[in-house]
Each structure stands twice: as structure tokens, then as C-alpha cells.
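Chemist: Fit chain U to the supplied structure of chain L, relying on the hints for placement.
Quick mapping for you: the protein sequence lines, in order, are chains L and U. First residue of the first sequence? That's 10 in this note's numbering, and the numbers climb one at a time after it. First residue of the second sequence? That's 8 in this note's numbering, and the numbers climb one at a time after it.
One should not assume that every hint holds.
Derived pair list, reagent style BS3-like, types lysine-lysine, alpha-carbon separation capped at 25 angstroms [claimed, not checked]:
hint	chain 1	residue 1	chain 2	residue 2
1	U	LYS10	L	LYS80
2	U	LYS151	U	LYS56
3	U	LYS10	L	LYS120
4	L	LYS283	L	LYS262
5	L	LYS106	L	LYS117
6	L	LYS137	U	LYS10
7	U	LYS10	L	LYS106
8	U	LYS10	L	LYS117
9	L	LYS106	U	LYS17
10	L	LYS303	L	LYS234
11	L	LYS20	L	LYS77
12	L	LYS120	U	LYS17
13	U	LYS118	U	LYS357
14	L	LYS20	U	LYS296
15	L	LYS264	L	LYS245
16	L	LYS283	L	LYS242
17	U	LYS17	L	LYS137
18	L	LYS240	L	LYS264
19	L	LYS62	U	LYS296
20	L	LYS264	L	LYS287
21	U	LYS85	U	LYS103
Quick caveat, the hints were computed from the structure, so don't treat them as lab data. Here the structure is a predicted model, which is why all the values come from computation and not from measurement.
Listed below are the residues making up each chain.
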Amino acid sequence: MMLEIKGLIKKYGEFTAVDDIALHIDEGEIVGLLGPNGAGKSTTISMIATLFKPDSGEILFEGKDIVKNPKVIQPFIGYVPQEIALYETLSGYENLKYFGALYGLNGKALKDQIMRISEIIGIGDRLKDRVSTYSGGMKRRINIGVGLLHNPRLVIMDEPTVGIDPQSRNHILDTVKKLKTEGISVLYTSHYMEEVEALCERIYIMDHGKIIANGTQDALLEQSKIQSGMKLKFEKPVAQIVDQIKAISWVTKVKVLDEYEIAIQSTGNGNSHKDILKAIMAMDSGLVSFDIQKPDLEQVFLHMTGRGLRD
Amino acid sequence: MLKLKLRLLKDNTTLYVIMILMSLLLAGVFGNAFGGNNKGTIFIEDTTKSVLNADLIHDLEGEGSFNIKLVTHEEGLKRVSGREGLMLIQLSDSLKIYELKPTLERYQIVKILQDTRSAQNALEQYSEQIYQIVSEHSDIKVNKSEWVQTVKAKVKAYEESQAVFTLDQQAFEADPLSHYDPKIHSMIGMTLFFVTYSLLFTVGDYLEDRRLHTLDRMMVSPISRFQILTANVVPAFLVGAFQIVIMILCGKFIFGIQWGEQVGLILVIGIMYIFTMTSLSFFIVSLVKNMTQLGAISPIILTGMGMLGGCMWPLEIINSKILLSLASLTPHKWAISGIESLMITGHVSKQMVSSLGILFLMGCIYMILAVRMLNYKISD
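So that you can see chain U by itself, here it is in the shape it has in the complex:
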């Protein structure tokens, strides 16, 4: 039975291609729209005024993901309270961050700062090593601090002229993970949004079976109702998973998105999202009588959920508590936050695990509701 359903997928190839193309197109459009004008502002309070921190600020400005503004402590707090910026970073002996609510940018900025600091340390060590070699193996008399500063300046000059620094490139370039690309959000959001249409219309084949009365033939045959449901769920699941893989590949090769080292885990969240949305699609299908009804209500439900869940724009720009509470009811929000936290932190975080758990729970609830609803309709 599953074989037949997979064979029937061929008839909907055009639909799936359109959904993939639409997600790529809109990811590009939205990515550019948000990427160009929506850099977050970071306020920095430098209490030490050290050269090291000056370098750090310079590097942050050069990194280009945020607007950097130097402020006093009071001014920083006031402007963050007034939502003029994402956070206030206090650079002293230790690093302190003041923000209104935890944001994904926090992970990003911490990573940039850590990488820059480690790059500075590596440069310091490298300069000192060169000084040691020169002072031990030559007669040249040099002042150590002057020497170190000269080497650092030379390295900087190389870096700024984009010359390849062959000795330790990684130490002087930030980790790819810290280069947050605004296209990533659009890519993830649009894919998660359009994949729901593919899922819903694949699961909607159940309604087509009802219309054609082929469902009646299945029901009177010795196969179980569970098998009938599975045969409709599995193709949808495969279509969704395929679309997620395409998203990752196109993101990398068309938009140049660096997905980081956790592509496997991103895929796991994507697959869990597909499970949840397949279940939700089945639930929606169980509520309607035919494809016409499905076609009428699906844009309302799917677009509404996509907008609420942050597929079109980052939820970080939303302040309404009601909208944010509603967003938490959508699988989209949890999938996006899980994937983005993985990309930014580069490791399994509490946020990622809770996203995965919530998606699984939602999927189970929708599936149980769908099965109960369909059984009720069939036995009626």
C-alpha cells in the first residue's frame, strides 16, 4: 500500500517543486530585506580603556553583524530599557551583559567576543615567540613591547588587506558559526513555512481517497486502519524530510550559508518538525470533508501559524506578550528557535532540547486527536 502511495507522489511533483522554489525565492527576498536594514544595536561600556578592549571593539565593528555604540553605563542601561538596542556589554576585567530578555544574539555576541579574545591572545603569544627567537638567535637588540606591537601591527595590516595568514588562520578569523547571516532566519523560516503546504496536501490524499471511494475499498479489505493511516503519513513525512534536506543543501550552495558542525542535529530538529506538522496536517484533514474545504482553510491556518511562529520575521522584533504567547503554540517557533540555537551555540543546548521535546509532544497530541477524529468519522 505504501508503494502505491509513493508512486502517487509522482503525480504531485509539480506542487513539491513549486513549494521548494517558493521557499528558496522568498528566503532570498526576505533574507536580503532583513539583512540590509535590520542590524541590531549593541551598546558597549568600556571601563578599562585598555588597548586590548579597544582592539576588541574595533574587531566587533569590523565583524559587521551589529551596530556598535560606545556609551556610559547609565546611558547604556537607559537605551536598552528603551528598546533602542539589544544589549549593553560591559567590558571590564570580566564580561557583563545587560539585556531585557534572553536573545539568540546573546549567544552570537558572546561567541564573537570569545573568538576575538582568543585571537588576541594567540597573536600576543605569537608575537612573543617571534621576539624570543629573534633575541636568542640574532644580535639584533630590540625592545620587547615595541617588537610585539610591531608584529601585531604587521599582522593586522595583513588581515585588513585580506592577505592569507598562513601560520594560524583560524585564530585570526572568527569561527564560521559566529558569522550570523540574516539569510539563515529567512531560509529556515521560509522552508518550514512552505514545507507545511507540501505536507498538508500530501496528507490530503486521504480526502482524495475518500472522494474516489478507494478508501472504502481499503476499509473492506483485510488491512488494518493503522496501515491505512500509516500509508498516508509516511509519504508526507518523506516529502517533508526531502524538502528539509534540499533547504540545507540550497542554503549552503546557493546562499552560502554556513550551517556549522551540527548539521546532523539541525536535521533531527527538522525531522521532528516534520513529524509534528504531519500530525497537525492529519488533524486538519480529519476536520474537513473534502479537498475544497481543505484548500479553503489551509492558507488561513498555515499562513497564520507561520506568521505567528516567526517564519516571516524574527520573533525577537515582536514585543506583544499575547503574540509571543500565541507563537509558543506553533511548532514553527520551536523548530526555528531549536535550529537557530544550534547554529549559534554550535552545541546541544537546553533550548534545543526543550524545542525538540515540545515538538515531539505537540506531534503526539495532534496525531492522537487526528486518529480519534478519523475513527469517529469512519464509524459514523
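Bound-form chain L, shown alone:
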């Protein structure tokens, strides 16, 4: 286990920002941290990054306590804050050079590393231009590049794709995937559920300072017990078959939308839809079309917290 957090608590006066959480990240693993604003994600990330100390609890990096000795993790952590943490009056190259020097890189090694990272983040030809002349997406890429410059073993990314164009966003997502192939662990937070679904092997869901669920995407769907939905259209009036549909196993609720349309809710995994459809076809009901609504992480989140991710 690369990083392990136990019983972490951080309070601001009476307000508990992080309330007794536990979390772990393995070598080469991409882990997502989801939660609405004020859930405690940034506070958790800041404590892992050694920006400030928890009131109690342990943060262990390869078994060593980083709360007592932050130097244990600092050389190995790559921090990508949500904000564009760059000097706008300097060029991208100067920014990379400066922040690389903070990690003891210098001379040819630093230059080579800047070239390598600029290729990864796809910014080579504009590197010598002032950051103030970059687009939002390019700034984000440099922001990430700075965090990767010293070959970290654990990269913490806090909303790295906020407010950028789709092209830059895809580039950033590809960069994160590439990190995994290089064996680098990533702790990734985002409001964009599809990013987390596409990148993360495991997901922690935070709300009100607590971790309310964690696991793989499938496990979270299973844990949430959210029912799948299906809309069905018929060529005949549905009134005569509603009772028959209600009797099908898996189906928990049937709602008549109009004379020819119904919505049903069902339990079970993806195969339940097949069984339900087979049963309806066997009724000679005149089924015209159907639309399956599978639950996603957004719905899981809504179900667990009672509010949307962007609330």
C-alpha cells in the first residue's frame, strides 16, 4: 500500500471539515475522490499534500507518518491544484524551470525533463511564450506539467479539467492514463462524473466530511441499490397489460405515462432488463419501442447524498 489514511480529522473551530476518514491508494492505481463543494475533498487533499496538519489521525506514505515528518512524502508527491498556480508574467518554460528547481532539478537534467514533460502535456511549441498569452487549456496543461516535472510517484489532481476546451480535456485525460502505464499513482477529484468513470479504478464518495461509500464503479452501483428504469411504448392501449407487467419478477413499480406508454422500475443487474422484455414480448402486447435508463455514478451520488455533485 502506497498511501494509507486512518481516522483523519480536521476541524475549523466548531466546524468539522474532515470527519474520521480512512482511505488508501496502491502503487500505480488511479483513485477518484468525489463529493460536492464543501464535502471536505480539498481539505483531505491538502493534508495529504502536507499543506497543513490534521487535528488527529494518521497519513502514512509507505508506512511512514507524513504528519510528523512531511519530508517523507514531499519529494515524491506531484501536486496539481485546482487553481492555475503559475506566474503569468513568466513563460511556460520559466515556470517549469523554477518549480523543477524547488525539487533539486538543475542543469541538463532539468532541461531534459522540461522537454519530456512538455511533450507529454503537448505544449512544446509555445513553451517560451508568456503564460498570460496561453489559453485556459494550455495553462491547465502547464499546471499539470509542473506537478509531473520531478517524476513523482503519487500525483494529486484537484479538478484538473475545470473550464477548458474538449481538446485540452481529452489531452489531460490521456496524460492521466499515461501516468498509470508508468506506474504512477493518481488521486483524482472531479465534478465530471464521466471522467471519474473513465479513469478511476476505485472511487471514494465524500459528503459532509465523511466518506459515505467507496469501491469500484460496479460495487458502488450495487451498494446503492438504485433501481433501473425503462420506458416502453405500445401500439395498443396499455391498461389491459399493466397488471401483467406488475407481476413480472424484478419489476417493482409501474407508472402509466399515457394511453400507450409506461415507465417501469426494476431491481437486479443488467440482465434483468432482458428478462423483463422477454416477458412483455410474450404477452402479445404490441411493443413498439423501449428505452433503458441505467443508473450511473451521478445517480448513485444523488441517491446517497440527496444532492447533485455540482450543487
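Modeler: Just chain U now, kept in the frame of chain L:
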């Protein structure tokens, strides 16, 4: 890290140039304002009525730094008590000065008197030597006292017609140190005042790092917090030191100020002042959250301290005990008094050493407070 901070100074060049120009401009304006109308009055009581003392008084009047008024002892004491003049000088066999409180002018007047006396002695000796040569090597019969008086009169005539006296010019001209130039106070005051703005806004870069979140990047890197603080302090210190050097150079070449032989020590006091003000700036920065807050409170603090500390006008014209006590809490007062005492006395004085010590102590206190405050904010 320091390299980067020095590189970032380039972005603020305009600010520093403005601060330097402002200090030069206002030094000129204030210097002329105070120089023209604020000559101190010196009362002189001449108990001997000797020719020598008459010459001395004449020289003092000619020197032009003070209004000289001849008075009786009682009248002098009364008028000094009534704050109508800086001091009463009693010219007898010895020199006695009566004043309400020690002033920098005391050093100045003593120096002028000493120089004038030594010039008179040198002239006396020179006249006698000429008499000896003439009486030994010629047949001309002359009366010694008449001869000496004639030579002295001739020399005076040369001096008044500003002819160059080639034999011993230094003896007939007062030491440059004794020529107190009112522009000096304005030059020092304005520079010390405007340098504080440059310092505060250079140290304020720390807030900019906080705003940009580049500070977060530094904090998560393996460099120590001490290094982060140092990287913000050193550029400010260098900017301040540079401004002090510019002050000395511009004072000399633009305003024609004679800084005397102790320029090195003046620089030492200036540097110590920069240290103190850098620490104070850091303390102020540690109290605010952003540049907007800093911009709002800095004019109040810096202008208030500058006014209290005597940057705009000499503290000698202030009589309020409360204001003078408050002035002692400002680094400006100690820097000005240290530099002026050095310029007037021309040597290391108790006043100069105590100024240096107090500035150092203030600097340390502010720095400790700033570091504690910043550490508290960071760990919160």
C-alpha cells in the same frame, strides 16, 4: 528560488523608479521649503568683547546656517526658555552652551565655532610667521601688532572676495561637515519614507504567491519554510539597499549634499533601517489576507509612521511629549537621528550606536512576530 524572486523584481521596475523619483522630487521640494524659512536662531552673549570673539561672531553670521542675535545673559536665557531660539552661547574664556534639550544643531554649532577658532589661530600664526620672515630678512621696520593686523585684514579681504587662498585653504574654510544643508534632512527623510513603500510591496509578493497558489506549490515541495521566507525577504532588502545607495549618489550629484567622510557608516545605518523596515513590512503582510487589504492599510501605517518619525519635518520643531514618545517607536526616527548625528559629528557617537542598536532590536522583534504569525496562518 531566490533567482526567480529576483527575476520577478523586473516586473515591478516602474514602481521602484516612481518611488525613487518621488523621494528625489519631494526631497527637493521639502528641502527648499525648510531651507529658506527655517533657520534656527542662536543667541550669543559676548562677555569679553574681544576682537577675536567679534571675528568669531562675524564668521558665524557669515556662515549663514543660523540667525545670530547678540543678547545679555538674562535676555538669552529668557528667550531660549521661551523657545525663541535654539540655544544661548556664552563666549568667555571658555565656551558655554545653554539649551532646553540636546539638539543636533549643538554638534553643528560647536563644530563651526571650533573650526572658526582654529582658522583664527592659524591666521594668527601665519601672520606672525610672515612678520618673522620680513623682520629677519629685510630692513623694513614694522610694528608687529600692526603688521599682523594688516596681514589678517588682507587675508579677510581675499576671503570675502572669494579669492582662492592657496596657502592653507582648509584652515580658512569651515570643514564641509559643518555646513549643515537643510536639504539633507529632506533627502534622508523622503528616501527613508518612500523606501518603505518599495519594501512593503516587494515583501507583499508573498501575498501574490498566496493569491496565485504558487505558495501552495512551494509548501508541498521539499524546500523549507525558512527558505520560502528568505526568498521574499532578500529581494526586498536588496531593493531597499539599492534605493539608499541611489539616495546617497543623487544627494551628492543632484543636490550637492556633502555626506562627509562617514558615507560607509551612513550606509550601515541605512542598511540596518532596511532590515528593520523589511521585518516590519513582513509583519504587516502577515496581518492581511490579500494585496487589496495591504494596499488599503499601508498608506495609513507608512505615512503615519513617516510623519511621526520625522521624515517630513525635523523632530526638533515638535514640542509635544506624546508625539515625541510615539516617534521613538518608529524606525524612521532612529535612522534619521543616527544618520544626521554621523553627518554632523563626523564620527561614531553614542547617539549613532544607540540608533543602530534600537533599529536592530526592532527588526528582530518584527521578524519574530511576522514568522510566528505566518506560521500560525499556514498551519491553520
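Chemist: Indicate, hint by hint, whether the structure satisfies it.
Modeler: Checked hints:
no.	hint	verdict
1	LYS10/U <-> LYS80/L	holds, 23 angstroms
2	LYS151/U <-> LYS56/U	holds, 22 angstroms
3	LYS10/U <-> LYS120/L	holds, 17 angstroms
4	LYS283/L <-> LYS262/L	holds, 17 angstroms
5	LYS106/L <-> LYS117/L	holds, 11 angstroms
6	LYS137/L <-> LYS10/U	holds, 18 angstroms
7	LYS10/U <-> LYS106/L	holds, 11 angstroms
8	LYS10/U <-> LYS117/L	holds, 18 angstroms
9	LYS106/L <-> LYS17/U	holds, 18 angstroms
10	LYS303/L <-> LYS234/L	holds, 12 angstroms
11	LYS20/L <-> LYS77/L	holds, 18 angstroms
12	LYS120/L <-> LYS17/U	holds, 24 angstroms
13	LYS118/U <-> LYS357/U	holds, 17 angstroms
14	LYS20/L <-> LYS296/U	holds, 21 angstroms
15	LYS264/L <-> LYS245/L	holds, 16 angstroms
16	LYS283/L <-> LYS242/L	holds, 16 angstroms
17	LYS17/U <-> LYS137/L	holds, 18 angstroms
18	LYS240/L <-> LYS264/L	holds, 10 angstroms
19	LYS62/L <-> LYS296/U	holds, 20 angstroms
20	LYS264/L <-> LYS287/L	holds, 19 angstroms
21	LYS85/U <-> LYS103/U	holds, 16 angstroms
Every hint from the earlier list agrees with this structure, and none is contradicted.
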